[in-house]
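Peer 1: Spelled out from the first residue to the last, the chains are:
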Amino acid sequence: MKPAPFEYHAPQTVEQAVALLAELAPLNGRVLAGGQSLVPAMSFRLARPAHLVDINGIAALARCTVAAQHLAIGAGVRHAAFHRPAVGGPLGRLLAMIVRHIAHEPIRRRGTFCGSLAHADPASEWCCVAVTLGATLVAQSAHGARHIRAADFFTGVMTTTLAENELLAEARLPLLPPDTRVGFVEFSRRAGDFALGMALATYRLVGGRIADARLGIGGIESRPRRVSEAERILEGGAPTAECFAAAAAAVAQSVAPMTDATAEAAYRRELIASLSRRALEQAA
Amino acid sequence: MSGTCDLALEINGRHYDLAVEPRRLLADVIRDDCGLTGTHTGCEHGVCGACTVLLDGEPIRSCLMFAVQAAGRKIRTVEGLSSGAELHPLQSAFIAEHGLQCGFCTPGFLMLAAELLAREPGIGEAELREALSANLCRCTGYDTIIRAVRTAAATMRGRS
Amino acid sequence: MNEKTRFIGQSVARLEDPPLVAGRGRFVADVSFPHQLHMRVVRSAHAHGRILSIATTEAKAAPGVYTVWTAADIPEVPPIDFREGRIERLEPFRQPVLAKTYLRYVGEPVAVVFADDPYRAEDAADLVAIEVEELPPLMAADLPPGEFEPGRSTVAEIVRQGYGDVEAAFRGAATIVELDLAIGRHSGVPLETRGAVARYDAARDLLEVYGAAKVPHRNREAIARMLGRGLAAVHFYEGNVGGGFGVRGELYPEDVLVCVAAMRLGRPVKWIEDRREHLMATNHSRQQRHRIRAAVDRDGRILAIDDEFFHDQGAYLRTHGVRVPHMTCGILPGPYRLPAYRAVGHVRLTNKTPAATYRAPGRYETTFVRERLIDAIGHKLGLDPNEIRRRNAISPSEMPYARPLEALGEEIEYDSGDYIGLLDKALAAVGWHKLQADLQARRAKGEAVGAGLALFVEKSGLGPTDGVRITVDTGGLVEVVTGGASIGQGFETAMAQICAETLGVDYRRIRVVHGRTDQIEHGIGAHASRATVMTGSATHSAALKLRAKALDLAAELMQAPQDALDIVDGVVRRRDLPGGASMSLGEIARHLAPGSRTRGDREPGLTVTGWFTTEHQVYPYGVHIAVVRVDRETGGVAVERYFAAYDIGRAVNPKLVMGQIAGGFAQGLGGALYEEFVYDKQGQPLAVTFADYLMPTLAETPPIEILLTEDAPSPCNPLGIKGAGESGINPVGAAIASAIDAAIEIPGAVTALPVTPQRLRAILKVHGKQATNTPR
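From first to last, the protein sequence lines are chains A, B and C.
The numbering of the first sequence is our numbering, which starts it at -11 and goes up by one.
The numbering of the second sequence is our numbering, which starts it at 490 and goes up by one.
The numbering of the third sequence is our numbering, which starts it at 542 and goes up by one.
Here chain A stands alone, though its shape is the one from the complex (with noise of 0.2 Å):
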């Protein structure tokens, strides 16, 4: 299980990073950010990039900032820079909530939050997190900045819009609100493994109503969204059970789940549905 050959980049610069992509993506040039998951489909052989660009050498990429409305996660910030609130509020918290269900410790210390993104597993939850808080991706190419919509974003399994000659520089996560109220539930076999489903959760009480209530899932189907079906039924509702029954129930009829040599796409119907009323009641 070695990796074929390739041919190594290590720009410094932004700059220079895109300049190699437009030059190599066409010759089968790939990003190496994190390589929690290229280099063992590298070993593998199922990804046999001629050229790699390696981009942990770019210090402007590894900048996680805080801007007026948004978190803005550069390309080289590793999963463990979330175990600490990387923003007060709702946002920092909900994020070192979820960071702890990513594969483990060694591997948070490499993989990047945008690397993930762009990997695009349906099971991924920083995916989830994306298209459900509605963030703003950041694709920059030779030809400059192009700024794309979480939900425009992931297009199937594995598959975004992302062009092969642009690099996923910035992730921008909206700041939630302060009374934001988040829940998060993921089940998977194992400590650590893929998801077989997960479902986030958020909300607000405006005089003891729901409010800008968002529910995303992740790894029931071939990639993230938010179940509007649902959201529907939540928005103006009592934070109840019977209000979160019914959003379930809207999950479960809402979804077209995966077959895959995991799970049945019968089994995750009724699990996402589960796992959606445990992530409402979590955030009440």
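Hints should not be assumed to be uniformly reliable.
Computed Cβ-Cβ distance ranges for the label pairs, DEER-style [claimed, not checked]:
# : chain 1 : residue 1 : chain 2 : residue 2 : range
1 : A       : P166      : C       : D925      : 53 to 59 Å
2 : C       : E675      : A       : G132      : 32 to 38 Å
3 : A       : E269      : B       : R608      : 45 to 51 Å
Calculated Cβ distances over 10 Å to all of chain B for the following chain A residues [said to hold, decoys possible]:
#  : residue
4  : P(-9)
5  : R18
6  : P28
7  : M85
8  : P94
9  : H135
10 : R192
In case anyone wonders, no lab produced these hints; they're calculated from the structure.
Ideal placement from N, C-alpha and C gives every residue a C-beta, glycine not left out.
Following the hints, put chains B and C in place on chain A, whose structure we already have.
Peer 2: Chains B and C alone, transformed into the frame defined by chain A:
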């Protein structure tokens, strides 16, 4: 297609001058080019953790990194855990608590635990269980491993 | 003052550990020789097919490649034979070292590349093109048989054992219980993959093989025979071994290829298996489907058991032949009396990786099947299953207890055991009644929690004979040379402890040699939990002889009667004058040197060989209790608590015994809930990475509570020892299945392992119990 890159590695305080293909995994270079065979490869796809080493003090899976990426970084492997003849408290504790049987997963656990205890000497039980779930062992059933780490933690707290 | 130090029964620190914690062990991948070639196996990508052509020209021309072989390059190499010798009727089902005509499983070796480094070997392997005419794969043992080759079906064998009038028993039964049970395909999967390094030393005409394990002497004989070399011209060397569990150490095609290549290519040859290969090429195990029924009288006494099972052998018969299914028949009754019995096993070949022994082979399976039966009988009669166990268990007064059943070539005769005595101790130690009450209270509040129990008999100490040589050098250091093997279980330490106490020296001054065919001619290796019993008993015998030899000379030189002397900490002293004249064993060795004038006509050297022969295996036994919590919505199962009671006869090192139990438990847990080799309809293996083949981590493995007893030492060896290697794993599937039934309150719910979340959800839905528990 690819030639070799010159690579200078620092492992356990020693300097190694090498010429390696970029595709050579860090684990393989540590073992075969530097002769430090204490780091083991159990799966080569980043799940078992037997290949765990410290990179600038951080625990990482050396099968998930190319050696060329480690240029200019300080690597510490199990061979660098003891200070001369004196065993690291984890090594003594693993022996005392029967924390190893075949010993293949042991270097990975030692490096994982060494960083853990250096960072959080007062680590609680639940966090310890979660952290040690990162690596696989097929022989011990894990009880004696966690006992060994607890013992070492107590020793290290007592010393500081 | 000079107190004789006891070593047997002490949990002393292991001699093996210091190099291992320092990363200075020598596992096979750590062994390298100058100019070595790396071997890479090209494996079948098809489950079933006929080979039309193999193109190797491009691979041969690839950078760094020395050569590429297919079956045509090794016509003189025979298939690997069965470990117990020739069995002509089964020979057609042996695996060729490289596939010739047919491909029969994904992962089957078809070609090998030899190159100057493993990366380039793999590059070249990718260039070997195999043209295949695909054939339909047969993927289940209980489907109608297929064609193995023209004129031969995939029914490899039907094994049968039994006695008594089963039909009459069923006619006269008050109750009949019938179950259809399945154990999933899984295996040992040690953390170190397989490997071998072979080197031909032309100057000495010696083939040296590194990376030996389990049965080095047996493998050396086999290789010598296969290569047409004298025994003295082949040596096997065992270094550190990263776990065996039954699957490492059998002779595999890769081992043979490495040896043939070293001889023919004139360079050392190194092969290290990768993990993906391992999961599709190293022996699988366990997959059986049992249709079992019991005839029971009004009082719950079993009158007969009738079992028919399908054993999914995979594509070929390997070194174990049909021993596992044969043993399955023999060992199924376990600790219970059984007036009549019939077991029929269909050994069926399928297009999967071949299967063989994995820790407690045939016993993990039969304990699951038998204890499910006990639970079912209890449920049908409205009795506590433990009451059924009480009414049927063999009692200590009936020991030794023989039945006309066999395993591993000998009749099964239980040597000693108090099964219900241990059951009572286990129930008391775990607080069974309070436990059940607590679980009942939690269930009333809506939790799905329950406890299950399994009673089992293990077997160990397979003979017939072992011998060791002990030498004390003139410095007083002791060397025990055994033909044993170490797979990480602490073999060296256990032998040193036995020698230390018997001879009278500190165990830390003892060096134990194992896995070296060049140091001792005979060896039984380490498997079937035999090492402590057989090699331990031989060590004991040799140590007694050595002690006698030393004291014989000491008596003369110290002018004291032998029985007035004792050896303490390596020094001979008078018992009544411990502070008086003394002689160290090193001095005695000097007096026994060949040229010594004080030797007399004694054989030179303070060295002896001691032997131990046994007619019978020994039978340790135990009780496991599992407490599980089920999440009805996800189907997830968590093991909250696990208790194991085990009678070891006599423990040489209690901590090592408990380590074996704890490790076996974790593996058994894997087989009960997580581990499975699954195939798709085309015969493609789906569990070929550690992301798909799920082994328990610390998070899934609760701490195990162990009650170790020594109530039933074995009368079959002088120290009373029984083995522990397979004790932890044997009943885990049974105990967890029973606990899950209790947690979901559906008796007999679990009929197949592993109990995955999906399968458990399906069970719950069939019984209408899938909704979240609401407090009652």
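Peer 1: Enumerate the violated hints, using their earlier numbering and listing them in ascending order.
Peer 2: Structure breaks hints 2, 3, 4, 6, 8.
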